[in-house]
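Sequence order for the protein chains is A and B.
Take the first sequence: its letter number 156 is residue 156 in my numbering, and every next letter is one higher.
Take the second sequence: its letter number 76 is residue 76 in my numbering, and every next letter is one higher.
Some hints could be false.
No distinction is drawn between identical chains; accordingly, a pair holds when it is met within one copy or between any pair of copies.
Mimicking SDA-like on lysine to any residue, the simulated pairs with C-alpha atoms at most 20 Å apart in a straight line are [as the list claims (entries may be wrong)]: (1) 142 to 190; (2) 27 to 68; (3) 60 to 104; (4) 69 to 164; (5) 3 to 113.
Since the hints were made in silico from the structure, they are not lab data.
Take a look at the letters that make up each chain.
Number of protein chains: 2
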Amino acid sequence: MSKQVPVGVSARHIHLTQEHVEVLFGKGAALTEFKPLSQPGQFAANETVAVHGPKGSFAKVRILGPARKATQLEVSRTDAFALGLMPPVRESGSIEGTPGIRIVGPVGEVTVDQGVIVAARHIHFHTSDAERWGIQDKQLLKVRVGGERGLVFEQVLARVSDQFALDMHIDTDEGNAAGVKTGDVAEIVES
Amino acid sequence: MSKQVPVGVSARHIHLTQEHVEVLFGKGAALTEFKPLSQPGQFAANETVAVHGPKGSFAKVRILGPARKATQLEVSRTDAFALGLMPPVRESGSIEGTPGIRIVGPVGEVTVDQGVIVAARHIHFHTSDAERWGIQDKQLLKVRVGGERGLVFEQVLARVSDQFALDMHIDTDEGNAAGVKTGDVAEIVES
Numbered sequence: 001m002s003k004q005v006p007v008g009v010s011a012r013h014i015h016l017t018q019e020h021v022e023v024l025f026g027k028g029a030a031l032t033e034f035k036p037l038s039q040p041g042q043f044a045a046n047e048t049v050a051v052h053g054p055k056g057s058f059a060k061v062r063i064l065g066p067a068r069k070a071t072q073l074e075v076s077r078t079d080a081f082a083l084g085l086m087p088p089v090r091e092s093g094s095i096e097g098t099p100g101i102r103i104v105g106p107v108g109e110v111t112v113d114q115g116v117i118v119a120a121r122h123i124h125f126h127t128s129d130a131e132r133w134g135i136q137d138k139q140l141l142k143v144r145v146g147g148e149r150g151l152v153f154e155q156v157l158a159r160v161s162d163q164f165a166l167d168m169h170i171d172t173d174e175g176n177a178a179g180v181k182t183g184d185v186a187e188i189v190e191s
Numbered sequence: 001m002s003k004q005v006p007v008g009v010s011a012r013h014i015h016l017t018q019e020h021v022e023v024l025f026g027k028g029a030a031l032t033e034f035k036p037l038s039q040p041g042q043f044a045a046n047e048t049v050a051v052h053g054p055k056g057s058f059a060k061v062r063i064l065g066p067a068r069k070a071t072q073l074e075v076s077r078t079d080a081f082a083l084g085l086m087p088p089v090r091e092s093g094s095i096e097g098t099p100g101i102r103i104v105g106p107v108g109e110v111t112v113d114q115g116v117i118v119a120a121r122h123i124h125f126h127t128s129d130a131e132r133w134g135i136q137d138k139q140l141l142k143v144r145v146g147g148e149r150g151l152v153f154e155q156v157l158a159r160v161s162d163q164f165a166l167d168m169h170i171d172t173d174e175g176n177a178a179g180v181k182t183g184d185v186a187e188i189v190e191s
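The shape of chain A in the complex, shown without the other chains:
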């Protein structure tokens, strides 16, 4: 049985706490939905911020909502070089010891002392997908992409929840290296 998974290529983006949303966009402000993402309840917001690293900046970084417990900027390694940072490859939410960043919104700004990561490649599985394919939460998988830049990603982290929809998340460096774009399909070749 072929284990096919849709691919989503994540551009640089940021998650904010509600406190930081209000610092950046004004007291009582809330994120507003631009479009839904593949994971239920998650959305790309209309709002963007600027981020400033020691070497470079990005003027418009999309915020993904809803607000979270911790502010977290996810960039590709290419982006990190442009900012002048060397963030580790981390699972989302694991930000201890990561570099900080200055974030500027239309109303205010905030500098966090940690929160910049290169996201570890991962697949969201609904519990039913994981059961059907015999995949455990936190398992590391091998996933193949075909085509002229075909490759097999190793170290692909499985994340299983009944809140998730089946989707593989890689960053722009990984998407470009593999010659894939959002909506293409990859195949789990070893689990």
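Chain A is fixed; fit chain B onto it per the hints.
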């Protein structure tokens, strides 16, 4: 027998004809060596140029020498998006039908109507390496990189010559996706 190959991660760079060197740097100008590259006789030049695409520019693109038969700009897919171009993945020298680019030097400028490529990942083999490992020119190989972003590159083009030194060339998107840098080692896992 383990088939280990050193990795070289190529940043964006340009090759110029002698005619274009003189347009950009002045009549009678020649490229001067900044440092030698892994392939015998090839060098990074002291000279750089600016390149301007329909959407964006890069101010300082390193020229690799010596001068060639055709001018060719090699960029990552990330770079190509920044320039506003959609170049194909091509072997070096295969530029028919590729996008053009405006190139600006300190003395003059030139616009070529083709020559922008995303370089196909490849390994240079000295003839003796290829014979020892049973690898043919133009063969497509699978090459593994370990570590936290480990992956297996497929579609790795073998190029065999007694003028070559053993080295695998990937671009910055591929290096970042695999978590490797110049001087790291990859292993041919299927040939």
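- Quick one: which hint numbers does this structure break? Sort them smallest to largest. Those not satisfied come down to hint 5.
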